[in-house]
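Listed in order, the protein sequences are those of chains A and B. For the first sequence, my numbering gives the first residue as 1, with consecutive numbering after it. For the second sequence, my numbering gives the first residue as 1001, with consecutive numbering after it.
Please keep in mind that the hints were generated in silico from the structure rather than gathered at the bench. Bear in mind the structure is a predicted one, so any value in this text is a computation, not a measurement. Cβ atoms here follow ideal geometry from the backbone N, Cα and C, with glycine treated the same way. Some clues are possibly wrong.
[Unchecked claim] If we take Cβ atoms under 8 Å as the criterion, some of the chain A residues that face chain B in the derived model are: (1) 10; (2) 18; (3) 22; (4) 42; (5) 81; (6) 117; (7) 120; (8) 127.
[As the list claims (entries may be wrong)] Partner residues are not named here, just some residues of chain A that face chain B (Cβ under 10 Å, in silico): (9) 73; (10) 74; (11) 118.
What follows is the residue order along each chain.
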Amino acid sequence: MNEKENAPIRIVLAKLGLDGHDRGLKVVARMLRDAGMEVVYLGLRQTTEMVVSAVEQEDADAVGISMHNAGHLTLAPRIVKALDDAGLNVPVIVGGIVPEGDLDAMTESGVAGVLGPGASAEDVAKCVREAVATRGE
Amino acid sequence: MDEKKEFRTMSGVPVGSVYGDEPLPGEFPYTRGIHSGMYRDRLWTMRMFAGFGTAEDTNARFKDLLRAGGTGLSTAFDMPTLMGRDSDDEWSIGEVGRAGVAIDTLDDMVDLFADIDLGQVSTSMTINGPAAILLAMYVAVAEQDGVERSKLNGTLQNDILKEYQAQKEYIFPPRPSVRLVSDVVSFTTQEMPRWNPISISGYHIREAGSTAAQELAFTLANGFAYVEAAQAAGLNVDDFAPRLSFFFNSHSDFFEEIGKFRAARRIWARWIRDRYGAKDERSHKLRFHTQTAGVSLTAQQPEINIARVAIQALAGVIGGTQSLHTDSYDEALALPTEDAARIALRTQQIVAHETGITSVADPLGGSDYVEWMTDEMERQAEEIFEHLEELGDGSILEGVYVGIENGWFVGEIADAAYRFEREVNSGDRLIVGVNSFTEGGDENINLLSIDPDTEDIQLKRLAEIKQSRDSDLVEKALNRLSTQALDPEINLMPAIIEAVKVRSTEGEIVQALESVFGTYVEKAFV
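Construct the complete structure from the given sequences, taking the supplied hints into account.
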């Protein structure tokens, strides 16, 4: 455990690629803020590099990315690997439309959690808390 | 009113074409509808939105829909095309042909409309940032087939303001983008009299989470903004306003939706006449397309979406829509399969031919509740117009620019979306299959999958075109375009048509404009 134990969780939220559907991510941002977390909202059209550098600069505990364009199988593992390569032990949570058949592949690629349509505020906060608590295990 | 045919209920009771108070349908301010006979005289256009994969794939779907009784085409473009990027752009990887059809050059557009008579069919193209380029391609395809541009019938979405507010598919900053919109309006006014140059869209504002009243108000404010921009560009309001059309969402709260549609017509009629000086009756009549609410579709128990869509379609028709797209039940999960799209079209046909709703115009007019709801929608919208006028020192156009720049629109929409989500979360609002009645429907349904070879096919095709075209001509056309972009007095459409004809790609044309206009980056408002 570190000195940040009692500090609020700080999470970077971003959308990757060209997709502009940001309703879900904005709702999640508010849910997490209401759950007492600090949200660093990067917004639309972020690249892997932009996300990694935000995590470094903001000293974030977790990353949430939102996708509605079936890019989760390529883009999510890329973020996980880039964070790893940068020596950052930060869990990645994916929100959006992820077909059930892809869930195993997501876990295998190192994604810490997947939140689909209908996830409640409690589900979302719990998923982030657990991912942060068990990171690097 | 209709003397040719008697309208009777299923049990044989003859019914009149309208009941209740004046002003009647077809009379200013058109609250009750823009035509006196409404659907007795002419049904709405059943316009189903389609697009996926390569141009050839979508062309086949278009022909299916026309064979199945669809009466207009509506094109969905893929994300790179919507964002003005070619299929071989670094940002396009994984997106080519996925959420719509991939269009890079005129040759793709030729394939998209192969064996479809553009002189006969009406075509809607859902595109905004690069709308002028796709319109140029459509004109070029038609002329190649011997159809004059003046004969073309269709609609370009071309509503850039709502992109900054809701859908987020912008390319250039707001002001040069609105100049492009005005160029399209001027061009079509002069050369394409049957074309609707802007479909002012609330659909996406609602999908992003707004309330019904916000959808109504933001959309009409954007409409006023385009009118102000076109008037500033020297156009006479009655020369273009009859060709402006609107596009609304039809959500599940039945009477609120109907009130919204009725209020939209009344507000537009009053404002366009009294504030913008339109004298032509056709300018006063708000015509609109409706799509059922994609955001209301649930991934859980997807088949029950068919019922949602039917109810929403009914609201659109009772609200007096001119055309309708019904969503397919599988769209929370993927693009629709052919079967799902057929069921959605059949839903409209049931409303049109089995319910008797088409016999009487504005059948709910005069209901105390519906009239009150119409007034209430109007009242809320007027409050928003006042706020925008304040922001813009009396100009709605300037007010909209300010509201975009300071994040007012996106903040309002995100607040409303969060309010809704909290209601669902707490159980105050029941969504069947999501937070109530959740048993059943676990079996998997068939989903459309996009041929994984699409991207490769499209990349190969683009590479071939780039090889075979005359690159000197392309360079010349693009240089001419960026030079003309520097002078706001010049209409850019002719230069874009020329660039398209020599096989400049969409991405190249966008870059030529971007070199002058710049690129818009949204501030990250939560």
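Violated hints - listed by number, lowest first: 1, 5 and 8
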